[in-house]
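Heads up: the sequence lines are chains A and B, in that order.
The first sequence begins at 49 in this note's numbering and counts up one residue at a time.
The second sequence begins at 233 in this note's numbering and counts up one residue at a time.
Take these hints with a grain of salt, some might be off.
Said to hold, decoys possible - Not the full set, but computed from the structure, chain B residues with beta-carbon under 10 Å of chain A:
| # | residue |
| --- | --- |
| 1 | T290 |
| 2 | V319 |
| 3 | D320 |
| 4 | H323 |
| 5 | R324 |
| 6 | V332 |
| 7 | Y334 |
Said to hold, decoys possible - Cβ-Cβ distance ranges computed for the label pairs, FRET-style:
| # | chain 1 | residue 1 | chain 2 | residue 2 | range |
| --- | --- | --- | --- | --- | --- |
| 8 | A | W240 | B | D398 | 41 to 49 Å |
| 9 | A | V266 | B | T250 | 40 to 48 Å |
| 10 | B | E241 | A | P265 | 53 to 61 Å |
| 11 | B | D300 | A | A305 | 28 to 36 Å |
Hints listed in this document are in silico derivations from the structure and should not be mistaken for laboratory results.
Nothing here was measured: the structure is a model prediction, and the numbers come from that model.
The beta carbon of each residue, even a glycine, is placed where N, CA and C say it ideally should be.
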Amino acid sequence: MTAPVLSHRAMRRAGESRFSPARVWAMLLRYLYILRSSWPRTLELLYWPTLQMLIWGFMSQFLRQNSSYVAQAFGVLLAAVMLWDLLFRSQLGLSISFLEEMWARNLAQLFVTPLRPYEWVLSLLAMSVIRVLLGVIPAASLAIPLYHYSIFDMGLPLVAFYVVLTAMGWALGLAICGGILRHGMGAESLAWTVIFALAPLSCVYYPVTTLPGWLQPVAWCLPSTYVFEGMRDVLFTGAFRTDYFLAAIGLDLVFLAVGTTIFFIAFRDARRRGALLQTGE
Amino acid sequence: MPDSVILVERLVKRYGKTLAVNGVSFAVERGVTTALLGGNGAGKTTTLSILLGLLLPTSGMVNVFGEDVLRHRYRVLPRMNFSSPYVDLPHRLTVRQNLVIYARLYGVPRRDERIARLARDLQIEAMLERPAGRLSGGQKTRVALAKALLNEPELLLLDEPTASLDPDTGDWVRSYLEDYRARTGATILLASHNMAEVERLCSQVLMMKEGQIVDRGSPDELIDRYGRTNLEEVFLQIARGRRAELEPVS
Chain A
49 MTAPVLSHRA MRRAGESRFS PARVWAMLLR YLYILRSSWP RTLELLYWPT
99 LQMLIWGFMS QFLRQNSSYV AQAFGVLLAA VMLWDLLFRS QLGLSISFLE
149 EMWARNLAQL FVTPLRPYEW VLSLLAMSVI RVLLGVIPAA SLAIPLYHYS
199 IFDMGLPLVA FYVVLTAMGW ALGLAICGGI LRHGMGAESL AWTVIFALAP
249 LSCVYYPVTT LPGWLQPVAW CLPSTYVFEG MRDVLFTGAF RTDYFLAAIG
299 LDLVFLAVGT TIFFIAFRDA RRRGALLQTG E
Chain B
233 MPDSVILVER LVKRYGKTLA VNGVSFAVER GVTTALLGGN GAGKTTTLSI
283 LLGLLLPTSG MVNVFGEDVL RHRYRVLPRM NFSSPYVDLP HRLTVRQNLV
333 IYARLYGVPR RDERIARLAR DLQIEAMLER PAGRLSGGQK TRVALAKALL
383 NEPELLLLDE PTASLDPDTG DWVRSYLEDY RARTGATILL ASHNMAEVER
433 LCSQVLMMKE GQIVDRGSPD ELIDRYGRTN LEEVFLQIAR GRRAELEPVS
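Could you put the whole structure together from the sequences, leaning on the hints where they help?
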């Protein structure tokens, strides 16, 4: 019998440590390999935000000549489109990386390693950021030469909107992943559909006052509503509503707590039902 | 007192009204290759999944390396690994990318060196840059074995390690496992219904049926006890329930 060539003690230490950035990086690397292995998937990241920006950019140009509302702030529709896409891509970026593991039937292989579920979640969040940046930044940059409009001119408020929408996207993504873990691949379409149910209430393209009175309090329960109202304030008046931002952050924390709880309950339930072994197409 | 790597007591796993594992107790000693032998639905894979922490039992105690797996699985997972033909590696990643990811997850030091050595030992060097999904069944098994040995596990759990392999590849895998155990002193627990494999590799057999261990012993002991000429005949006798005293044994 020979002595082990590897340092078991070092590996044990690595495995026992409560949190390992190396394991998070390993998972992130896995998703980057997947992204790199398929150019259609990479192209798809750019395709939809760019297409949206083109449609709404030309629509805005037309409305500018025919509407005093849009003439006041040409960028309002384009900014709304891009911020909505940021929210959607943030949720979808997380859900797609999660689904990659389901499609590959890889959960059993992953969770016999020392990988913690929360380390996996951190890699999913990081991948969501990468996917959003890969998709939205080129589209936003393309609007500059096409329409002489730069969303980046919004400055620091844009960073605040980005943070709020990204966190909300993560929360929804985690809840959706929990739903898919619980109900299997039959619930896969949730990843593409759930968020659109929130679009009318988020008041992406119109003020909250447009909604019926009884629906307005419901709209104000979404962090995204504060972002789109705040965005219109920035574009129309130049003022950043700190009260909106703080309310949105508070709601984000609630959403994240609920989304995370749903995900981890579903994960534990999957271990109870044996779904980590069986989940797949 | 024997040095038990695995100690399972009164393990029960229930799915609704179905009892997948029904009060199983057993111990596996260090450096020994043990088989969980039984037909489909006997509870072999369920037992392995519980040992790996992939599945939560309904009740019972599961101890690996002296640690309660249900409470401290992360203390033991770095020291063990698992391979099954029914759990694939991600298809679109190359073999090397897959091995790099798992080496990082296990915190394997000098991982390039380790992967190169395993690739040489398991004769997968030529396929390192190929997508895992484009490998043949035999190649996939060797790659899965490479993944399972990345952390040089002290405990290796194998679910039907040679299922659907041609006889030559199956024989090669069995030889490699024998050599690995002899070289490292590892403990191996394998679920199988390949009798020849079990006779060749295992010094202890746990016969499972309908979620219970109905008999146990070395292959020779079982063959003698049932008055048969090989383990397959013993298996068939147990599977068909012809032994009058076929009761769970503790």
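Unmet hints by their number, sorted upward, for this structure: Nothing - there is no hint that the structure violates, so all of them hold.
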